[in-house]
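**Student:** Once you have looked at the hints, place chain W on chain P.
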Amino acid sequence: MRLFDPHIHMTSRTTDDYEAMRAAGIRAVVEPSFWLGQPRTSPASFLDYFDSLLGWEPFRAAQHDIAHHCTLALNPKEANDPRCVPVLDELPRYLVKDQVVAVGEIGYDSMTSAEDTALAAQLQLAADHGLPALVHTPHRDKLAGLRRTLDAVRESALPMDRVLVDHLNETTVKEAKDSGCWLGFSVYPVTKMDERRMVAILRAYGPEKVLVNSAADWGRSDPLKTRRVADLMLAEGFTEDDVDRVLWRNPVAFYGLSGRLDLEVTPPEATHEGNSLLRGGE
Amino acid sequence: MTHSPATGTGPEFTPDVLRDHLDSHLHPAARAWLRQALDEATANSGSGWELRVAEAGRRCGSRHADAARVLILYAAHADPATLARLYHQGSAAERRAVLCALPHLVPGPDAIPLVEDALRTNDTRLLAAALGPYAARHLDAHSWRHAVLKCLFTGVPVDAVAGLAARGRGDAELARMLADYAAERTAADRPVPADLYRVLDLAAEDFEADHPHGKES
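Quick note, the sequences are listed as chains P and W, same order.
All the letters of the first sequence, read from the start, carry residue numbers 999 to 1280 under the working numbering.
All the letters of the second sequence, read from the start, carry residue numbers 52 to 268 under the working numbering.
Excised from the complex, chain P in its bound form (with noise of 0.2 Å):
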């Protein structure tokens, strides 16, 4: 089984972690930049993490034969603090680099002017840089929040077939699935989704453009969740196919909408081994 976390924060994971994702047949990740529980008060505090997103985690990564890419933003809920939102300048010349699969998280948290602000440049950005986007949509208010997002995609240079709207739930599939943005569902614990009521939305919806993710981080959350989805969705009947869709084909037909999708893992040692340019010639 070939396994794809479209979404998750392995910042604030351990090697544990790791090893036990590769155990489970996770071969590649997708992390989004997002805020780190403590808010961050400048922008540069946004630019080291980036270039931790660009450089150490995916050497951790490797270490353990896993493929990693980021979607580089200023988050919704930050982008509510003035001192944080010149990041923005400085997203261009990140947006550029070959590890950054789409622009996100971005999207709503409290629904504020600034919220809007910030997301329309991004949806632009992200136009501008022929990256497809991972759009939030918020805990509180969510179908409200669900279709404010939608009409600022719709209001975007950014074709909504480039979107993927994460977060969603029973309540907000339904709307999403309309729009023909691809459907993003974080499988949680205790809060978001479940595994079971996953399935039920499998069964309901297809598997037509669904993603579905751990968003494990910090908080209470479960690197394997990808794993336990594609094992109940067997023992209720979909087949090795279907698995395959939803937890690789998709998030690789999404993501390489970036043209920039690279699943081919250099493991470190490798790199001793003639392979690359390392060592610094003259």
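These are calculated hints, taken from the structure and not from any lab test.
Hints should not be assumed to be uniformly reliable.
Said to hold, decoys possible - Simulated DEER-style distance windows between Cβ atoms:
#	chain 1	residue 1	chain 2	residue 2	range
1	W	Pro160	P	Asp1126	35 to 43 Å
2	P	Asp1159	W	Pro158	48 to 56 Å
3	P	Asp1239	W	Tyr248	52 to 60 Å
Stated by the list, open to error - Computed from the model, here is a short list of chain P residues facing chain W with C-beta under 10 Å:
#	residue
4	Leu1052
5	Pro1056
6	Pro1080
7	Arg1091
8	Val1094
9	Gln1097
10	Arg1258
The beta-carbon is built from N, C-alpha and C at its ideal position, and this holds for glycine as well.
**Tutor:** Leaving out everything else, chain W in the frame of chain P:
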């Protein structure tokens, strides 16, 4: 370690060798892209070519990205200020390419802060790239010894250290550090890296007779 020009590694590779290698290994679209990127870099008007360094991975494939990036830096004759900017604004892969290009582009020690920055990381790919001929030529003795020791700590083969024999031979201080590290490993009942004894043999050569106070540079 294989120093094969065909794979773009080793101290003997030159712009011509790299270009021939990429010409014969890249698929036609990537080759055309690289040719244009090199023309842009050679013209070096404005900073547009710097974007080509960033996107070289997806244009040429991760296997050839390092070689393509280094070649672009050569074509632009990037100066130390430009290299520093590209390094600090680069992903890990871009930083590696900057480090690899240093011996060819920077005659003096101006770029040593970049090497020191890379040596502070624990990313073995950056560590290995930092310890090329440029570091062999310009890194001060204390930093160089710590870099060798860090290779042993992090599992970077010491073959990645350019000029190891020339700089390490008879280095009494390095020999002491290695012997202490071996003793610490042994006391902890842990294996001593095989590479350690190779370097220790080198560092211990002749130093008692010829260099009673150790070698300082």
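**Student:** Now, for every hint given, state plainly whether the structure supports it.
**Tutor:** So, going through the hints one by one against the coordinates:
Pro160(W) and Asp1126(P) have their C-beta atoms about 40 Å apart, which keeps the hinted 35 to 43 Å range intact. For the hinted restraint 48 to 56 Å between Asp1159(P) and Pro158(W), the CB-CB distance of approximately 52 Å keeps it satisfied. At about 54 Å, the beta-carbon gap between Asp1239(P) and Tyr248(W) stays in the expected band of 52 to 60 Å. For Leu1052(P), the interface hint holds, the least distance from its beta-carbon to any beta-carbon of chain W being 4 Å, beneath 10 Å.
The beta carbon of Pro1056(P) is positioned within 10 Å of a beta carbon in chain W (closest approach about 7 Å), and the interface hint is therefore held. The interface hint given for Pro1080(P) is violated, since its Cβ lies 24 Å from the closest Cβ of chain W, which is over the 10 Å cut-off. Annotation: interface hint on Arg1091(P) holds; nearest CB of chain W at approximately 6 Å, less than 10 Å. Taking 10 Å as the C-beta cut-off, the interface hint given for Val1094(P) holds, the closest approach to chain W being about 5 Å.
Among the interface hints, the one on Gln1097(P) holds; its C-beta lies about 6 Å from the nearest C-beta in chain W, closer than the 10 Å criterion. A distance limit of 10 Å between C-beta atoms decides the matter here; for Arg1258(P) the minimum to chain W is near 5 Å, and the interface restraint holds.
Hint 6 alone, counting from the list given before, is not met by this structure.
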